[in-house]
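Top line first, the protein sequences correspond to chains A and B. First residue of the first sequence? That's 0 in numbering that gives the first Met the number 0, and the numbers climb one at a time after it. First residue of the second sequence? That's 0 in numbering that gives the first Met the number 0, and the numbers climb one at a time after it.
Calculated from the structure, these hints are not laboratory results. We treat Cβ as the ideally placed atom computed from N, Cα and C, and that holds for glycine. One thing to keep in mind: the hints can contain errors.
Which stretches of chain A does chain B cover? Using the computed rule of at least three CB atoms under 8 Å from a CB of chain B, they are [claimed, not checked]:
no.	region
1	235-247
2	299-312
3	332-339
In the SDA-like style, the derived pairs of lysine to any residue whose C-alpha atoms are separated by at most 20 Å in a straight line are [stated by the list, open to error]:
no.	chain 1	residue 1	chain 2	residue 2
4	B	K63	A	A307
5	A	K219	B	A48
6	A	K258	B	I28
7	B	K45	B	R76
8	A	K61	B	R76
9	B	K139	A	L150
10	A	K212	A	A359
11	A	K304	B	Q23
12	A	K198	A	Q209
13	A	K192	A	F140
14	B	K82	A	D328
15	A	K184	A	E278
16	B	K61	A	E309
17	A	K46	A	Y356
18	B	K61	A	G308
19	B	K61	A	Y334
20	A	K198	A	R146
21	A	K243	B	A16
22	A	K61	B	D143
23	A	K193	A	R146
24	B	K139	A	G329
25	B	K82	A	E309
26	A	K219	A	L259
27	A	K61	B	D62
28	A	K61	B	E26
29	A	K219	B	T43
30	A	K243	B	T73
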Amino acid sequence: MTMSEQIIIKDIIVKESDDYIINMGPQHPSTHGVLRLEVCLQGETVKYVIPHIGYIHRAIEKMCEFDTYAQIIHLTDRMDYLSAHMNNEAVCLIVENALQVEVPERVKYIRTILDELNRLASHQLWWAAFGMDLGALTTFFYGLRDREKILDIFDESFGSRLLHSFNTPGGLMHDVHPNFQKRTKEFVKYFRKKLPEYKQLLTDNVIFHQRSKGIGFMTKETAIAYGVTGPSGRGSGYSCDIRKYAPYSAYPLVKFEEKLQTEGDTFARYLVRMDEMVESLNIIEQLVDNIPQGDFTAKMRPVLKLPAGEYFQRVETARGELAIYLVSDGNKTPYRMKFRTPNFSNLFVLNEISAGYKIADLVAISGSLDLVIPDIDR
Amino acid sequence: MQREELTDFLKKHFPDATFPENTQLPEMIVPAGDIAAVATELKTSKDLAFDYLISLTAVDYKDKFTVVYHMESTLHRHLLVVKTDITDHEQPAVDTVSTLWPTAIFHEREVYDLFGIKFNGHGDLRRLFMDDDYGFPLRKDFSDETRVLTLSK
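Please put together the full structure from these sequences, using the hints given.
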């Protein structure tokens, strides 16, 4: 299938009675969670893919309508659990903007460092699992070995490794551990040495090239039309980094590049994430030596009531754009809270980019979208 | 376009729309019947070029539903919130925009699933998360009889 054919948007799938259907999931290892893909095959070629979701729908948006803003933070961890810190931050930012609270500089710096550490940890796990999906088991051990170093930093500072809930509206739960700065610097130094290993093992691997190059083409137009953001969108040359276009926390203070690839195939999406890891290290290095002294939280009232009105906040998680739309009626609980999660939009492009390729490629293509299923179901 | 410039431009092109003030983002409220035409104009016009639909959702205000569209232009980098009110609370329906933005196919399915709002012209309007015979959970009058814990304000 050529690129030009891909632009035609197959918006509604036409099913035929003699279609050969197989189910991938809901417990398939390569779907990384409970996602069921209804795959129609012609021989080994994929005709269409219909994702079935909702297996872990926990009604987070409904629960938000009964919870206070401080409580909502803990629900957002459970959406994209690999970007827990960014999800927390989005809720904090929307509350702080609504109440017009200026958070201390120290908080902005620490939040940004943690964002990038979280992004690194997420990309490391993706790299580990993506290699394993394609049959390279070693990547899993390498990736998790290095991710462990970040989780140890998290563990020391806030006592949890995956679901942090370290942000609160106005600042942080408590100050970071005195070792935080030292250990973060040690990690940056350590991981810079390890990145060539990643390159050697997978990026320069001929077998990996054959598995990932030239499949799952997504044009820039397709990415925009389906709302595919994050590294998956940037692999198609779609410049969509919220850190650049609507900067928050300490991002206006740091210099970094938005990494783009124009190829649009599975390998391009892979390269974007590999480049982003280096950029994350650069951002951390610029900030970690200059964390200002001061309070770890602004003065906040014990009960937060947002003025009646509507609020909107976007952040860049490890997988793309998380946008929150909040309607407040002046009470301590929101009237309506909508999470526009990156994975929801990223998933539904799967049919568009995998039709016409082999079923073995489907694993590589869905792996390159880096889906986290609880984020889709919410 | 900057915010004021954008609002002036929209006021000129959409005389039927209303423009609330003092909002965080530029907003435009259009009559429910016009949404398909307005959306087409917003997407295809060269000066506006809203090609990226960030999110599509709804809010239940008990006497009406409001469908909310957040959109951005990747060319001009301006943002707009389009809203439309559905006054029929019993049989809510509005025209689809899924032919313009494919991402809306799934956002509209989600809104249909959670609010029961029908999108006319949508080719694949099925439930997304819930079972077919389940109620519409994000409506304010929704009650779940099997719920063990009652959530109350």
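Hints, verified against the model:
no., hint, verdict
1, 235-247, "holds (count 4)"
2, 299-312, "holds (count 4)"
3, 332-339, "holds (count 5)"
4, B:K63 to A:A307, "holds, 18 Å"
5, A:K219 to B:A48, "holds, 15 Å"
6, A:K258 to B:I28, "violated, 37 Å"
7, B:K45 to B:R76, "holds, 13 Å"
8, A:K61 to B:R76, "violated, 32 Å"
9, B:K139 to A:L150, "violated, 40 Å"
10, A:K212 to A:A359, "holds, 13 Å"
11, A:K304 to B:Q23, "holds, 18 Å"
12, A:K198 to A:Q209, "holds, 16 Å"
13, A:K192 to A:F140, "holds, 16 Å"
14, B:K82 to A:D328, "holds, 18 Å"
15, A:K184 to A:E278, "holds, 15 Å"
16, B:K61 to A:E309, "holds, 17 Å"
17, A:K46 to A:Y356, "holds, 8 Å"
18, B:K61 to A:G308, "holds, 17 Å"
19, B:K61 to A:Y334, "holds, 11 Å"
20, A:K198 to A:R146, "holds, 17 Å"
21, A:K243 to B:A16, "violated, 32 Å"
22, A:K61 to B:D143, "holds, 12 Å"
23, A:K193 to A:R146, "holds, 12 Å"
24, B:K139 to A:G329, "holds, 17 Å"
25, B:K82 to A:E309, "holds, 12 Å"
26, A:K219 to A:L259, "holds, 11 Å"
27, A:K61 to B:D62, "holds, 19 Å"
28, A:K61 to B:E26, "violated, 25 Å"
29, A:K219 to B:T43, "holds, 17 Å"
30, A:K243 to B:T73, "holds, 13 Å"
Of the numbered hints listed earlier, those contradicted by the structure are 6, 8, 9, 21, 28.
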